[in-house]
Amino acid sequence: MTQETPSQTPVDVLTLGIGGEVFAIEAADVREILDLVPITAVPGARPFVGGVVNVRGRIVPLADLRLQFGMAVTAPTTDTRIIVVELDLAGEPTPVGILADRVFEVTQIVPASLETAPRIGIRWRPEFIRGIGMRGDDLLILPNLAQILH
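Numbering (our numbering), first residue to last: 1352 to 1501.
Worth flagging that the hints you see were computed from the coordinates, not collected in a lab. Hints are not guaranteed to be accurate.
[Unchecked claim] Label-pair restraints from in silico Cβ distances:
{"id": "1", "residue 1": "T1458", "residue 2": "A1396", "range": "25 to 35 Å"}
{"id": "2", "residue 1": "T1391", "residue 2": "P1361", "range": "32 to 42 Å"}
{"id": "3", "residue 1": "G1408", "residue 2": "E1466", "range": "38 to 48 Å"}
{"id": "4", "residue 1": "S1464", "residue 2": "R1397", "range": "24 to 34 Å"}
{"id": "5", "residue 1": "Q1459", "residue 2": "A1392", "range": "30 to 40 Å"}
{"id": "6", "residue 1": "N1495", "residue 2": "V1461", "range": "10 to 20 Å"}
{"id": "7", "residue 1": "N1405", "residue 2": "L1438", "range": "13 to 23 Å"}
{"id": "8", "residue 1": "Q1459", "residue 2": "I1384", "range": "11 to 21 Å"}
{"id": "9", "residue 1": "Q1359", "residue 2": "P1389", "range": "35 to 45 Å"}
{"id": "10", "residue 1": "E1437", "residue 2": "T1458", "range": "14 to 24 Å"}
{"id": "11", "residue 1": "G1408", "residue 2": "A1463", "range": "36 to 46 Å"}
{"id": "12", "residue 1": "P1389", "residue 2": "T1360", "range": "31 to 41 Å"}
Cβ atoms here follow ideal geometry from the backbone N, Cα and C, with glycine treated the same way.
All chains, please: the whole structure from these sequences, using the hints.
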């Protein structure tokens, strides 16, 4: 019997569509998935901050990754969701909402199968990408949320 190393152990990820691309976020980081709720603009916020939302009485910043990845911003649809993740930002757990065009499924990936983002031919900053993998014929992009939102 062989023993799996941590990089060979499958990890659950939530797959979601943003701007025509398929992203994957570790399911362990996801706290909840919400239908679109009213978003309050924040004057002077960083460009990728789409505003704040009220989640059970707590004000949560909402990040629109389309802005950070240079994608066209589109109007919300009935499939639009807010994925609330908890990230370690500045040494403390911080809830952040991620605006997604659509949520697909929870699936598994093997971290050892991920490739690094190429430095040439990609329109995004490579440090924003933790890795790139495949789900069937779809390319899965694992964003480095802590780097993007820092």
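Let me make sure I understand: some of the numbered hints might not hold for this structure. Which ones are they, in numerical order? none
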